[in-house]
Every structure is written in C-alpha cells, then in structure tokens.
Amino acid sequence: MRRHATKTALAAIVLAAGLATGAGAQDAIKVGVIQPLTGAFAASGNYVANGAKIAADEINAKGGVLGKKLDLIIEDNKSNPTEAAAVAEKLIVRDKVPVMMGAWGSGFTLAIMPKLMEYKVPMLVETSSAGKITTSGNPYIFRISPPSAVEAVAFAKIVDQLKIGKADFLVVNNDWGRGAAEDFGKMFKERNIKVGLVETMDPPAQDMSAQLAKIKASDADTLIITTAVEQLTLIFKQAAALGLKKRIITTGGSQNPDQLIDQAGAAANDTTHITFFTPWNPNVSADPAMAKAFIDEWKKRGHPFAGLTESFRGYDGIRTIAAAIGKAGKAEPEAIRAAFWQIELSGMNGQIKFNKAGPAGQESGQSNPGIYLIKIENGKVVLPNA
Amino acid sequence: MDQLLQHLVNAVILGGTYALLGIGLTLIFGIMRVVNFTHGELYAFGAYIVYLVAATLGLNFFLGLVVAVIAGVLLGALIEIALLRPMRTTDIDIVMLVMIGAWIVMQNTELLVWGGVAKAIVTPFPDAPLVIGPVSISWLRVFVLVVALLLIAGSYVLIHRTKLGKAMRATFQDADTAALMGVHIKGVHTATFAIGSGLAAAAGALLGPVFLVTPTMGDLASLKAFAIVILGGLGNITGATIGGFILALVEELGAGYVSSGYRDAMGFLIIIVVLLFKPTGLFARAERVG
Amino acid sequence: MKRVLPAVWLVVLFTVPLWLQDQYILHILITTGIFIIAAMSLNLLLGYTGQLSLGHVAFFGIGAYASALTTLGFDVELFGGFRVVHEPWPAIVGFFIGIFIAGLSGYVIGRLSFKVRGAYFVIVTISFAEVTRLVALNWVELTQGPLALTNIPPFTLGFPGLGNYTLWGKTAYYYFVGVVGLVAYLVISRLVGSRVGRAMIALKENESLASSVGIDVTRYLVLAAVVSAAIAGGAGSLYAHYLKIIDPDIFLFIYTVTMVIMVITGGKGTLAGPIVGGLIFGFLPVIVRPLAAPAVQWILYGGLMILIVFVLPQGIVPAAERWIRNWTPFKGRPAGVILAGDSKPGDGK
Numbered sequence: 054m055r056r057h058a059t060k061t062a063l064a065a066i067v068l069a070a071g072l073a074t075g076a077g078a079q080d081a082i083k084v085g086v087i088q089p090l091t092g093a094f095a096a097s098g099n100y101v102a103n104g105a106k107i108a109a110d111e112i113n114a115k116g117g118v119l120g121k122k123l124d125l126i127i128e129d130n131k132s133n134p135t136e137a138a139a140v141a142e143k144l145i146v147r148d149k150v151p152v153m154m155g156a157w158g159s160g161f162t163l164a165i166m167p168k169l170m171e172y173k174v175p176m177l178v179e180t181s182s183a184g185k186i187t188t189s190g191n192p193y194i195f196r197i198s199p200p201s202a203v204e205a206v207a208f209a210k211i212v213d214q215l216k217i218g219k220a221d222f223l224v225v226n227n228d229w230g231r232g233a234a235e236d237f238g239k240m241f242k243e244r245n246i247k248v249g250l251v252e253t254m255d256p257p258a259q260d261m262s263a264q265l266a267k268i269k270a271s272d273a274d275t276l277i278i279t280t281a282v283e284q285l286t287l288i289f290k291q292a293a294a295l296g297l298k299k300r301i302i303t304t305g306g307s308q309n310p311d312q313l314i315d316q317a318g319a320a321a322n323d324t325t326h327i328t329f330f331t332p333w334n335p336n337v338s339a340d341p342a343m344a345k346a347f348i349d350e351w352k353k354r355g356h357p358f359a360g361l362t363e364s365f366r367g368y369d370g371i372r373t374i375a376a377a378i379g380k381a382g383k384a385e386p387e388a389i390r391a392a393f394w395q396i397e398l399s400g401m402n403g404q405i406k407f408n409k410a411g412p413a414g415q416e417s418g419q420s421n422p423g424i425y426l427i428k429i430e431n432g433k434v435v436l437p438n439a
Numbered sequence: 004m005d006q007l008l009q010h011l012v013n014a015v016i017l018g019g020t021y022a023l024l025g026i027g028l029t030l031i032f033g034i035m036r037v038v039n040f041t042h043g044e045l046y047a048f049g050a051y052i053v054y055l056v057a058a059t060l061g062l063n064f065f066l067g068l069v070v071a072v073i074a075g076v077l078l079g080a081l082i083e084i085a086l087l088r089p090m091r092t093t094d095i096d097i098v099m100l101v102m103i104g105a106w107i108v109m110q111n112t113e114l115l116v117w118g119g120v121a122k123a124i125v126t127p128f129p130d131a132p133l134v135i136g137p138v139s140i141s142w143l144r145v146f147v148l149v150v151a152l153l154l155i156a157g158s159y160v161l162i163h164r165t166k167l168g169k170a171m172r173a174t175f176q177d178a179d180t181a182a183l184m185g186v187h188i189k190g191v192h193t194a195t196f197a198i199g200s201g202l203a204a205a206a207g208a209l210l211g212p213v214f215l216v217t218p219t220m221g222d223l224a225s226l227k228a229f230a231i232v233i234l235g236g237l238g239n240i241t242g243a244t245i246g247g248f249i250l251a252l253v254e255e256l257g258a259g260y261v262s263s264g265y266r267d268a269m270g271f272l273i274i275i276v277v278l279l280f281k282p283t284g285l286f287a288r289a290e291r292v293g
Numbered sequence: 179m180k181r182v183l184p185a186v187w188l189v190v191l192f193t194v195p196l197w198l199q200d201q202y203i204l205h206i207l208i209t210t211g212i213f214i215i216a217a218m219s220l221n222l223l224l225g226y227t228g229q230l231s232l233g234h235v236a237f238f239g240i241g242a243y244a245s246a247l248t249t250l251g252f253d254v255e256l257f258g259g260f261r262v263v264h265e266p267w268p269a270i271v272g273f274f275i276g277i278f279i280a281g282l283s284g285y286v287i288g289r290l291s292f293k294v295r296g297a298y299f300v301i302v303t304i305s306f307a308e309v310t311r312l313v314a315l316n317w318v319e320l321t322q323g324p325l326a327l328t329n330i331p332p333f334t335l336g337f338p339g340l341g342n343y344t345l346w347g348k349t350a351y352y353y354f355v356g357v358v359g360l361v362a363y364l365v366i367s368r369l370v371g372s373r374v375g376r377a378m379i380a381l382k383e384n385e386s387l388a389s390s391v392g393i394d395v396t397r398y399l400v401l402a403a404v405v406s407a408a409i410a411g412g413a414g415s416l417y418a419h420y421l422k423i424i425d426p427d428i429f430l431f432i433y434t435v436t437m438v439i440m441v442i443t444g445g446k447g448t449l450a451g452p453i454v455g456g457l458i459f460g461f462l463p464v465i466v467r468p469l470a471a472p473a474v475q476w477i478l479y480g481g482l483m484i485l486i487v488f489v490l491p492q493g494i495v496p497a498a499e500r501w502i503r504n505w506t507p508f509k510g511r512p513a514g515v516i517l518a519g520d521s522k523p524g525d526g527k
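Residue numbers (the working numbering), protein chains in the order written: chain A, 54 to 439; chain B, 4 to 293; chain C, 179 to 527.
I should point out that these hints are in silico values taken from the structure, not numbers from a laboratory.
Heads up, none of these hints are tricks.
Pairwise CB distance ranges (calculated):
#	chain 1	residue 1	chain 2	residue 2	range
1	A	428	B	84	50 to 60 Å
2	C	376	B	85	31 to 41 Å
3	B	62	C	331	58 to 68 Å
4	B	134	A	346	41 to 51 Å
5	C	331	A	339	35 to 45 Å
6	A	428	B	134	24 to 34 Å
7	A	173	B	15	51 to 61 Å
Short derived list, chain C residues pointing at chain A, Cβ under 10 Å:
#	residue
8	312
9	323
10	422
11	423
12	425
Derived list of chain C stretches under chain B, where covered just means 3 residues or more per stretch with a C-beta under 8 Å from a C-beta of chain B:
#	segment
13	301–309
14	433–444
15	485–497
Cβ atoms here follow ideal geometry from the backbone N, Cα and C, with glycine treated the same way.
Just chain A, same shape as in the assembly (with noise of 0.2 Å):
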C-alpha cells in the first residue's frame, strides 16, 4: 500500500514533469525575467516587470527580433535568494531561454550567478548594485546599473558645488549600504572631504532613533543615506522629530520620491537624491524623445507614477538584450554572451556599452550610466541647476 502509493506518486511526478517540458511556443525567442513579485521588495519588481513588457511589446510591435516575437517569462524570485536560484534554474532547465534579465536585489543576482556558470547562461543585471556581481569573475554577467563605484564616480563630478566639510554616513547593512558608504568614503576623501561616522542598520529595522541620535550629536554638515524608500520615510521622520538639521543627500537609486513625499510628508521637504532617471523632468534625459514616450506609455498602462524611477531599469534592460539577440543572429546563450560586448544603444540615463569589469580573462560587462541630482522641495521634485 505504501510502497503502492509512494511509486504512483513518484510516477505521477516523472509524467507531470515529463508533460511540462513539451510545451513551448514555436517562432518565439524566449527571455527570462526574475523578480521579486512578492516579499518586501514586491512593489519594485512589479514596476521594473511592467517596464520590461512595455520594451517588449514595442519591440515586438516593430517585427520583433530576427523575425521572431519575445516572449517574456516572467518569475517571482519571491525577494528571497534561494527562491531566486531557484526559479533560476527553473528558467534555464525547463523553459530553456537563451538570456535572462534579474533580479532586483543583489543578494537574488548572487544567489543566481553560480546558475549561469553552470549553464553558461548569461543575464542581464537591472538594478542590483553590489561590486561584487561585476569583480567574482564571472563573464556571464552585463549590468546596466551602476555600482556605488560607479555611482560615486558619477558623483565627484558635481559634489564640489555642495560644499561638503564633513560627511556622516547611514547605510543600511548589506553590501549595498556598506558598498555605497565604501566607495563614496574613498572618493569624498579623495577631495579632502572628512568623512564622520558610518552607522549602520538592519534591513528590516524600523528604530532608527539610536542612530539618528548619534549622528544629531556629530559636527558633520552633511547625512549621506543609502537605504530604500520604506526606511527612508522612517529615518527622514524620525530625523525630523529629533530636529536633525544636517543637509541630507541619499543615494542609491532605490529613493522612490514621489513616494517619499506621500509617506513622509514635510518631513522630506529640504532633502536631496541621486537618482537616475527623473521622469518629472524628461528633458534632461539622455534621450528625452524615448523618455517621453516611455513615461506616456506607462501612464497610459495606468502604472503610478513613482514606479518610473524603477522600471526604466526593465525597459532598458530588454532594449539591450533584443540588441544583443540582434547582433547574435540567433537565440542561443553562448552567441548572445559574445554579442553584449559588441552592442551600444541609447539608455534611458546614457549611452549602454559594456566594459570590462573583474578579474582578466573571466571579465564581466558593466555599463556605466549618468546620474542626475534632485531636491525635494515644499513636497514636489525640483532638478536644481546642476
């Protein structure tokens, strides 16, 4: 009787599974797409998700790529790294695609990435920003998001005009936070910038008063943040109920204004962010015509408005792939790895080409984007004259 019921199961398993694997559609180029649908970090996958169909329904709409229509696959990576690897490996094995495109969070990406040396897949990175991802070694890896290196090179263009003396830094702890912290530290000491204290907290934490106390008490003139936008609305309330008067600059990407206002009130009046895409102002864009159309089409999807600093990500990222299928001449992983080194294209931020980054002979391609500087101002965005 067990023995019975554990084989029919097991037998039931094997044809299941045997069943799945048939299907697929012909005349389709198959792309992957990883994010967290659901979790804490649900609403900003689903923006970058919709970004990414809104790519593909363009492309598709002008013939699609060598002939042939994407097809978007879209996994919830469920804003867990082993779901992530998971659902990986789903992608590849199973559905068989070519490339894919994920996964919002780095420790997801590097939770992915000892998949893609195994299937020698190679995957489109969006928005995690760790250094990590681009120095493991791993040349199955194209990121169009700029890592805080990056970011802070970005940066020293125009942190002269601030006027900085000294900087405190609070940063959430993951190598994120630490990342942004490390790489702006060096590069603000660089400019005989002192840099303060670098506090530090837990992802889930919502107290950030201990901190906040610390750093009221502090004689640096400048807070710099790394953090996304839930505890951002925390610090910038919780600042303000302490009477933190320090100029406040966050970076990061992940600073969701329009939401910041929404949920912080006044309390976020007077702060400025490093972003960079600003859909308030699409002019300044590297490419204000794409721009504007992108932001029309999102309207027109009724997607909110404050998820555009997030989904740019998903529609470039499929703009580059389809350029990199193109330049392949064929969907297959080992063509399309050799042809993202030779594709360049218009981003939303600046021009997408990818460098090497990482140890000689397992490079991995990053892209190194523009950024813009916005302040927060009586409760609207405003592009101060940078």
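On the provided structure of chain A, position chains B and C as indicated by the hints.
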C-alpha cells in the same frame, strides 16, 4: 551628555509599549503556560487594523486605535476557544506547534490581504517635535507613552481590583484548587488570552504609526515579549513593566554606544544570559501574578 | 513484507537519476533530501528525547558556514589585533569540519540549555538561532555578511589509486546526498535502538522517573544534542556546497519551522516520519506553486500543520502503520475475530 539624554527619552517611550507587550504575554504564559507564538501576530494585527480604519477607510485615527484594541481582544478570545480549548492535552509541545501553525496562518493572511510592502499610517499629530532643552520628542511618541502608561495602569487595576483579576491570580497559583473553589477555569483562560492579545494589539496599534506596518513586524515583537517575560518573571506584571523599560534601555544604549547592527540582538542576549544564570527572572518573588 | 519495503524504497531512490529526465525535479529532490537529513536530526531531539528545540537551523547554518569558510579560506582580525588567517582546504575536509563544529556547538548548547526545561528551553533555542544569524550578518569580515559567501567549490572526492572526482553534475550530487542520508539514517536508527536510545526515550516519557532509576538525564540529553547537531551540520555543509552560495538568511526561523513541520506531520519519534514529512513538504511547494500565491501556500501549510496535530497527533507514519496493520488480513489477528472486514467488538457475530 545630550546624546545620552536623547537616548534615555527614546528608551522610556519605547519601553512603555514594550511593557504592554510583556504584560500581555506574561499573563498568558503565566496563567495558561502556553508558549504563545501568536502574540507577535496580534501586535501586527493591531497595527493593520489601525491602517485599515485610519488609512484605507479614512476614518478618525483615534477611532482606529480603539477598534484595534477591541478587535485584538475578540481575536484573542477566538483563538483561545477555537484552538486552545479543544487541546485538552497539557503536552506543551503539541500546544506550541498549534500556536506555530496559527502564527503561520495569521501572518500569511495579513500578507495576502495587505501585501508585503510596508505601509505608513498618517497621524493627526504635528510633524514638528516637542523640544525640551537638548531633547526632541515627536508629539506622536508622547501620545504613545501616555496611552501605554494608562493601559499599564489599567492592567494593574484589572488584576488587583476586579473579580476577574482575582480569579486569574487564583488560577495562576493553583488551578485545581481554584476550580474546586468555584472559579470557572475555562472562562478565566479565555479572558486571559483575550486580554493578553488585546494588550499586544494595543502595542501594535500604538507603534504602527510610529514606524511602518509590515506583515513580519510581529516576529521581532514576539521574541522581545518573551525576553521581557523572562526578565520579569513569569506572571509578574511589575516585572514585565520594568523588564519592558530595561529592554528598551539596553537596546537604545547598545545601539547608540556599542553597535547599531546588533540592536535587536540585545533582547536575545538578555534571554540567554538571564535564563542561564537566573532562570526565574530578575524580579520573581515566588510565583505569583501581580 | 516489512523487510522488503525498505529495500524496494532504496532501489527506487537509487535508480531515480537513471530514468528522471527533468533536471529541475532532480534539483528539488536534492534540496529536499538535504532538508530530510536535517529533519531526521531534529527528530532525534524532538521525537526521541522530547526536547522541542526550535533553534535547530542554527546547527544547520553553522555547519554550512564552517564548511564554506574552511573551503574558501578567511582572514580576520580578532580582539587585540590578533590576525587569524586560514588557507582554503579541500571541500571534503570542510564537510567534516562542518560536522565537527556543529556538533561542538550542540554540546555547548546542550550543556547550557538543559538546565532549563520546557518552554524556557524553547525560547533559549530560538534566541540562539537568532543571535547566530545576527552574528553571521554583522561579522562581515568573516562571513561577508549579507554579501553572502559565494563561489563555494563543490566536493572533490579523492580515491587512492582512482584519482580525483569532482561532483559537478546533479546526478553525482544526488548520490552523494543519498549516501550521506543513508549513513545518517543508520546512525540514528542504531542510536535509537541501543541502550542509549532507550534511555533517551525513557526520559522523554517521564523524566523524573527516569532520573530516579539512575539514568543520567543531562548526559543523555547532551549526547542527543551533539549527534543531532552534528548531523544537521553535515546537512548544512551539503547545502552550502550544492547551492555554492550561503547567506545569513539560512538562519531564519522559517527554516526551523519547515523542519519542524516535516518531523511533526511525518511522525516524530519514528524513523520514517521525517522522510515522509520531508518528501511531502519538499514537493508540495513545487506542485502548489503554479496554482496559488506563496502566501496562500503558507496558509495551507499552517492549516495543514494544525489539522494534522489535531487529527493525527502522532503524525502520518504511525497512523499509516496502524492502518496497514488493521487492513492486513491473515496476519496478527487475534483468534476468534472474523476476517470479513473490520468487525468491531460487540458486533457479536
């Protein structure tokens, strides 16, 4: 010195709500001997109810608080009647597992209904803080402290001045004798669980607007509540109150002067250290409620 | 029949990679197998000694990190400027070191925690797992914190005379996990069946009575903790070298809960329990994933757990065994009972 004062003030305000959490759990844990894993979920539930009433429905914020506490009491009673009463077995392992199951169901229901993204609750309090010398406190937090202290006082009154409180104390001391003397044990259990849950919901309703509301906010709250109960001694409300303030103090000072990353570890370290060296808690005055 | 069953099981399990084409299912089998090993080790503490240790994932994680760090090498500065540098060692050595260090922590925790019992013990174990997680998260110099330890090399088995064999593919890994699982199973079943095991069960049933007949309660509890932790550490090491990445999230309470669910629903205190429970809860997510949102899945698991605890408090395996025993005709039936169907006493036929 300024920094220290600010830390102390922060700690006092946080301590009030921690005390509420602790009192609720010490009653449940003490009188019913149940390792209540759903305590943190009631905390989160309280916060979500305030969100529902104040943010989603757009009604009065204070109404939201009241509704949250009442809802917490009712939910607590429901859990007790539906899950704990039928478990006539006093096997603590089995009860614990049922509580874990309930915790999983509750948390994921919240996740399903409200999603995993953090929610903010806008309050009618002014943003500008109250400034006393070198110390700044937001008005919202002052309100939270006042309400917390009122509820703590209310718990005292309940336990020491009401008939129900007497029944609870009797049950705590010796359930069998209490039953023989006519105390309706089943009713006492339901009431205890309901009150404890109501206090947890109150803590969540108060802290939800201060921070953010997420489905996992209860997990840390649960564990901190256990730390407070262990610090203060089982069934000891005074101990739980003091324990709540001590935990908040240790967290604030630890985060401020030692390492901000390990802030939440303080609670656990306390648990481990106290249990290993003084398992009955710092304030246990032989077992008694109150 | 009882002796044939396990043999058939084994044959089926060991030939799986030969006829299973789907690599993804094989992947699930491997991760499930690893968790089953961990669940078996938890069963030793939970089922056989009756100690509800809810920090078990700490041993799993410690084994994983110890193994990974041994294999990757590290360079940390301790108190007083004292530097500790470790060169990378072969993965298989990491495996044994992971087992050893996990076992060691089991000893420490056992010695310290068994001073407290019941509910307090539960809380201490949970706290231990949380503190371990926070250490893994914050001691960035050693563990890379949330950056995770990546590029963990796979196992290389060296056979004298046959040369080295690196476990790259899934099939190889499947067999390795299978062998380790088998060894773990044998160790546990041997331990449980021995005098030591009987002592453990005695103290689960009635601790004061056991102690009064001279059984050294603490000693046996600590022994159970060490063996349990060591096996969990071994499973952790397998996990680290399979996923090739390990991050502090491995210490999350939810993984302990998963193991507990596997053991309880399968049947605590039985040898086959964690295996059955593990298979169910290893494959349930895969089957349910296309049908329901993850939150719904977890509601199902929680509800299932409550249901099983109410309806089948002993778990599935003992219930199944009872059911099989009642069904089997001509075997073990007391004389005088008619064979046609299940007759109840008082039927009077």
